[in-house]
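Participant: Since the structure of chain A is already known, use the hints to place chains B and C on it.
Residue numbers (full-length UniProt numbering), protein chains in the order written: chain A, 1 to 145; chain B, 1 to 153; chain C, 1 to 585.
It is worth saying that the hints were derived from the structure and are not from the lab. Quick caveat: nothing in here was measured; it's all calculated off a predicted structure. Every residue gets a Cβ at the ideal spot worked out from N, C-alpha and C, and that includes glycine. Check the hints yourself; a few may be wrong.
As the list claims (entries may be wrong) - No more than 25 Å apart at the CA atoms, straight line, and that leaves these computed lysine-lysine pairs for BS3-like:
(1) A/Lys-69 - B/Lys-55
(2) C/Lys-204 - B/Lys-94
(3) B/Lys-12 - C/Lys-128
(4) C/Lys-315 - C/Lys-294
(5) C/Lys-204 - B/Lys-96
(6) B/Lys-96 - C/Lys-111
(7) B/Lys-84 - A/Lys-64
Said to hold, decoys possible - A few chain B residues facing chain A, derived, Cβ under 8 Å:
(8) Glu-31
(9) Asn-38
(10) Lys-55
(11) Phe-59
(12) Glu-62
(13) Lys-70
(14) Leu-74
(15) Lys-84
(16) Leu-85
(17) Gly-86
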Amino acid sequence: MFGCIAVPRNFRLLEELERGEKGIGDGTVSYGMDDGDDIYMRSWTGTIIGPHNSVHEGRIYQLKLFCDKDYPEKPPSVRFHSRINLTCVNHETGVVEAKKFGMLANWQREYTMEDILTQLKKEMAAPYNRKLVQLPEGILFVEWD
Amino acid sequence: MANSNLPRRIIKETQRLLSEPAPGISASPSEDNMRYFNVMILGPTQSPYEGGVFKLELFLPEEYPMAAPKVRFLTKIYHPNIDKLGRICLDILKDKWSPALQIRTVLLSIQALLSAPNPDDPLSENIAKHWKTNETEAVETAKEWTRLYASGA
Amino acid sequence: MESEDDMHDANDVDSLEDFYSGETAMASDDDGDGDYDFGDNESDGSDDITSHRQQNYTILSEVDILERQEEDILRISTVLSIPRVAATILLRHYNWDVSKVHDAWFADEEKVRQAVGLLEKPVVQFPKSRELTCGICFESYPRDKIYSTACSHPFCTSCWEGYVSTAISDGPGCLSLRCPDPSCGSAVGQDMINVLASEEDKEKYTRYLLRSYVEDNRKTKWCPAPGCDYAVDFVVGSGIYDVSCNCSYSFCWNCTEEAHRPVDCGTVAKWILKNSAESENMNWILANSKPCPKCKRPIEKNQGCMHITCTPPCKYEFCWLCLGSWSDHGERTGGFYACNRYETAKQEGVYDETEKRREMAKNSLERYTHYYERWATNQSSRQKAIADLQQMQAVHIERLSDKQCQPESQLKFITEAWLQIIECRRVLKWTYAYGYYLPEYEHAKRVFFEYLQGEAESGLERLHQCAEKELQSFLNLDGPSKDFNEFRTKLAGLTSVTRNYFENLVRALENGLADVDAHGASSRSSSSKSLGGNGKGKGGRGKGASCRSSGSSRNLEDTDHWSCEHCTFANVRAVTTCQMCNRHR
Numbered sequence: 001m002f003g004c005i006a007v008p009r010n011f012r013l014l015e016e017l018e019r020g021e022k023g024i025g026d027g028t029v030s031y032g033m034d035d036g037d038d039i040y041m042r043s044w045t046g047t048i049i050g051p052h053n054s055v056h057e058g059r060i061y062q063l064k065l066f067c068d069k070d071y072p073e074k075p076p077s078v079r080f081h082s083r084i085n086l087t088c089v090n091h092e093t094g095v096v097e098a099k100k101f102g103m104l105a106n107w108q109r110e111y112t113m114e115d116i117l118t119q120l121k122k123e124m125a126a127p128y129n130r131k132l133v134q135l136p137e138g139i140l141f142v143e144w145d
Numbered sequence: 001m002a003n004s005n006l007p008r009r010i011i012k013e014t015q016r017l018l019s020e021p022a023p024g025i026s027a028s029p030s031e032d033n034m035r036y037f038n039v040m041i042l043g044p045t046q047s048p049y050e051g052g053v054f055k056l057e058l059f060l061p062e063e064y065p066m067a068a069p070k071v072r073f074l075t076k077i078y079h080p081n082i083d084k085l086g087r088i089c090l091d092i093l094k095d096k097w098s099p100a101l102q103i104r105t106v107l108l109s110i111q112a113l114l115s116a117p118n119p120d121d122p123l124s125e126n127i128a129k130h131w132k133t134n135e136t137e138a139v140e141t142a143k144e145w146t147r148l149y150a151s152g153a
Numbered sequence: 001m002e003s004e005d006d007m008h009d010a011n012d013v014d015s016l017e018d019f020y021s022g023e024t025a026m027a028s029d030d031d032g033d034g035d036y037d038f039g040d041n042e043s044d045g046s047d048d049i050t051s052h053r054q055q056n057y058t059i060l061s062e063v064d065i066l067e068r069q070e071e072d073i074l075r076i077s078t079v080l081s082i083p084r085v086a087a088t089i090l091l092r093h094y095n096w097d098v099s100k101v102h103d104a105w106f107a108d109e110e111k112v113r114q115a116v117g118l119l120e121k122p123v124v125q126f127p128k129s130r131e132l133t134c135g136i137c138f139e140s141y142p143r144d145k146i147y148s149t150a151c152s153h154p155f156c157t158s159c160w161e162g163y164v165s166t167a168i169s170d171g172p173g174c175l176s177l178r179c180p181d182p183s184c185g186s187a188v189g190q191d192m193i194n195v196l197a198s199e200e201d202k203e204k205y206t207r208y209l210l211r212s213y214v215e216d217n218r219k220t221k222w223c224p225a226p227g228c229d230y231a232v233d234f235v236v237g238s239g240i241y242d243v244s245c246n247c248s249y250s251f252c253w254n255c256t257e258e259a260h261r262p263v264d265c266g267t268v269a270k271w272i273l274k275n276s277a278e279s280e281n282m283n284w285i286l287a288n289s290k291p292c293p294k295c296k297r298p299i300e301k302n303q304g305c306m307h308i309t310c311t312p313p314c315k316y317e318f319c320w321l322c323l324g325s326w327s328d329h330g331e332r333t334g335g336f337y338a339c340n341r342y343e344t345a346k347q348e349g350v351y352d353e354t355e356k357r358r359e360m361a362k363n364s365l366e367r368y369t370h371y372y373e374r375w376a377t378n379q380s381s382r383q384k385a386i387a388d389l390q391q392m393q394a395v396h397i398e399r400l401s402d403k404q405c406q407p408e409s410q411l412k413f414i415t416e417a418w419l420q421i422i423e424c425r426r427v428l429k430w431t432y433a434y435g436y437y438l439p440e441y442e443h444a445k446r447v448f449f450e451y452l453q454g455e456a457e458s459g460l461e462r463l464h465q466c467a468e469k470e471l472q473s474f475l476n477l478d479g480p481s482k483d484f485n486e487f488r489t490k491l492a493g494l495t496s497v498t499r500n501y502f503e504n505l506v507r508a509l510e511n512g513l514a515d516v517d518a519h520g521a522s523s524r525s526s527s528s529k530s531l532g533g534n535g536k537g538k539g540g541r542g543k544g545a546s547c548r549s550s551g552s553s554r555n556l557e558d559t560d561h562w563s564c565e566h567c568t569f570a571n572v573r574a575v576t577t578c579q580m581c582n583r584h585r
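So here's chain A without its partners, still in its complex pose:
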């Protein structure tokens, strides 16, 4: 890595926190920290508003993102809290499965939580997803942990 300076985990998450607090783009994806007292900023909640031209349009989806000590060298774990039927999401747990979601499989340290949420929103509008039958809005995945 020439001239490319790696921002350490905590400062990187502080940057992401500030960006999330300012508000992103058109507001269709957003995220925030779950526990304001957690100095290591591990647990986050993301929100995606379903994209136009899909069965998800107008729906509000909540996700949990968990950034462990090795973030951003390793991707966070991502799990839908609101029930959703997507090819890359485990139907039982809501976990976004890395092997079916390229961004997690080919993770790079420059990727951010915003990128994950934006990519998932695109995924919802993809031809193989946008017409999948969905349960009524407001049902959650069963919490296993």
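Facilitator: Chains B and C in isolation, oriented as in the chain A frame:
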């Protein structure tokens, strides 16, 4: 981690920090990232933080020294200008930054901030309010937190 | 002849109004201002709604701004005997106020130097060594690679470059850049910027300096029109805030909304806020098509004036705003133009409580809709007129000049008519915001206001129609027409009449319809002049006796007239219904 093209200024500052540390302050670069420092500041005498050992982290961004270093407390601290995540409200870390300032001056300023909290320019509204309405009690809480979280254990 | 009829009509109203207002507002009077004596209030410039006799502002191009800035800098530099760069720093610090700089400097030069960072001698002495250490990168450099401001704190060229470029990319704050040494306050002037900054950054810096001269200066503002580069220098202290930029955009210097005279900034702000809150409800209003009230076919409004004629075979003539028959509009039928008035539901007392409340809610929306539609329609009508004028100047005038064998200078009356239309549409538009906020309980004021507004509006409709439609027939001709001179007289006459109506309206609104108060307090004995006149107003028109019609002190007990007991209007004896409020005697 390639540190070969670390600017001479950072190398010199690091050397000086290690060879002539400022009283009550220690800063050493991390092994795998020479721009990332583990910092320790002793609570100044005659402040509610006296006797406390406070851990901080400091990072020199790519633009340094044209841009300010990034610093935050890792040890919980009850102070009107420091928030729950350890972020610090200090002018020289923001618009008053000058490239002629150094890591040492920044850390000394943070140490001074511990001696002289400024509740009029708060980062933590609640703590600042506490400080303004009942300073004795607020100082007691700060001492208590120092014992609980910064006792060097 | 039709045009003559029209002129007669206009004159009839004139003489009617003339009588009530106690002054002549004749179309033939070229110098519209001559009617009024402004006495010592001349500097208020409230004399004309289209042009400012003594303009209280100057439009500045970029060249003008730079010139003025340079003049100020030179003046300070000369008077204080300091270098140009230092003068610039001083002026910027004191927001380009030359006299403030003078005052501060001569009161305490030392203090001023300290505050802005103009040091007289170095803070540090260079060591005698041949090499110096840069205070930022800690490298050693030969002296010629080291720069510093007057303080002599040494920094190397590349660190200075980084420092300067960071400051410039951070924004206009770079104009008050100081030495990087945090304990020092020595100013970094443009001379150093020119040595140390990239070409692109130097340009940015110059830009910021120019902008600062306009934006930090209390007397100047940028024209808010998108893409316009002009600034306006305004003489603060005169009452009138409307300015007209060279880009043709008119705006209020005080609130920088579009020009809204005679309505005050507060009302305008309230109205704009209201519109944005109601925008959802109102979108349908702005639709450009409505069904013909007679044959129900959709009619598109593609012209500026409100007089719409449905396409054959229907050919129904109606008013775009109220959808009523056009023949009910204007004085031809003996009635007044009343389409500007909002009439609330008349059947009071027949509702039960809930229905009444529902009705009130509906009324309040209806009432707003009434004013909003007229506000918005005048706006679009104005836009259309602007486009028409451009088209006129770009193409038609030349062609008309050819066809009618008239020099273009003889066709100025057409341009003048269009300019008048554009200005009147603007005024009229804002009077609807005024009307919306004029309290219902101020009955007399309301009636008086609606009367003036109605008169002005009806005049404007005639003028707009003449400029739009009658002119069209000459554009379609192949050769000269003997009717053209008649057309000229008519259009010029309508322009002048309409200007007078609007001047009345503007004046009345600007003094808060104070005449009504004055009148109301002494309705029995006071003279009729107060209706349109301005007896006690700041303009002091009462003094202009020479241009009044016979006797501004005509007594109301006069056997020829009767005073309406509802609105105090002085009606001619012959009518039994009040000409103002339409109530029976």
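Participant: Take the hints in turn and mark each one as holding or not.
Facilitator: Structure-based check of all given hints:
The suggested pairing of A/Lys-69 with B/Lys-55 holds, with an alpha-carbon distance near 18 Å, which does not exceed 25 Å. The suggested pairing of C/Lys-204 with B/Lys-94 holds, with an alpha-carbon distance near 23 Å, which does not exceed 25 Å. Under the criterion of a C-alpha separation no larger than 25 Å, the hint pairing B/Lys-12 with C/Lys-128 is consistent with the structure, at around 24 Å. Using a Cα cut-off of 25 Å, the hinted pair C/Lys-315 and C/Lys-294 holds, with the two alpha carbons roughly 9 Å apart.
For the suggested pair C/Lys-204 and B/Lys-96, the alpha carbons sit about 22 Å apart, so the restraint of at most 25 Å is met. Proposed proximity of B/Lys-96 and C/Lys-111 is supported: the alpha carbons are some 22 Å apart, at most 25 Å. Note on B/Lys-84 and A/Lys-64: the hinted pairing holds, with a Cα-Cα distance of about 22 Å set against a maximum of 25 Å. The beta carbon of B/Glu-31 is not positioned within 8 Å of any beta carbon in chain A (closest approach about 12 Å), and the interface hint is therefore violated.
Because the closest C-beta pair between B/Asn-38 and chain A is about 11 Å apart, greater than 8 Å, the hint is violated. Proximity of B/Lys-55 to chain A is violated relative to the hint, the smallest CB-CB distance being about 10 Å (cut-off 8 Å). A cut of 8 Å between beta carbons decides the hint on B/Phe-59: the least distance to chain A is about 5 Å, and the hint holds. For B/Glu-62, the suggested interface contact is upheld, since its CB lies about 5 Å from the closest CB of chain A, less than 8 Å.
Look at B/Lys-70: its Cβ gets to within about 5 Å of chain A, closer than 8 Å, so that hint holds up. A least Cβ separation of about 6 Å between B/Leu-74 and chain A falls short of the 8 Å threshold, and the interface hint therefore holds. Evaluation of the B/Lys-84 hint against chain A yields a held restraint, the C-beta minimum of about 5 Å falling below 8 Å. Hint status for B/Leu-85: holds, given a least beta-carbon distance of 6 Å to chain A, under 8 Å.
Nearest Cβ of chain A to the Cβ of B/Gly-86: about 6 Å, under the 8 Å cut. The hint holds.
Consistency with the previously given hints fails for numbers 8, 9 and 10, ordered from lowest to highest.
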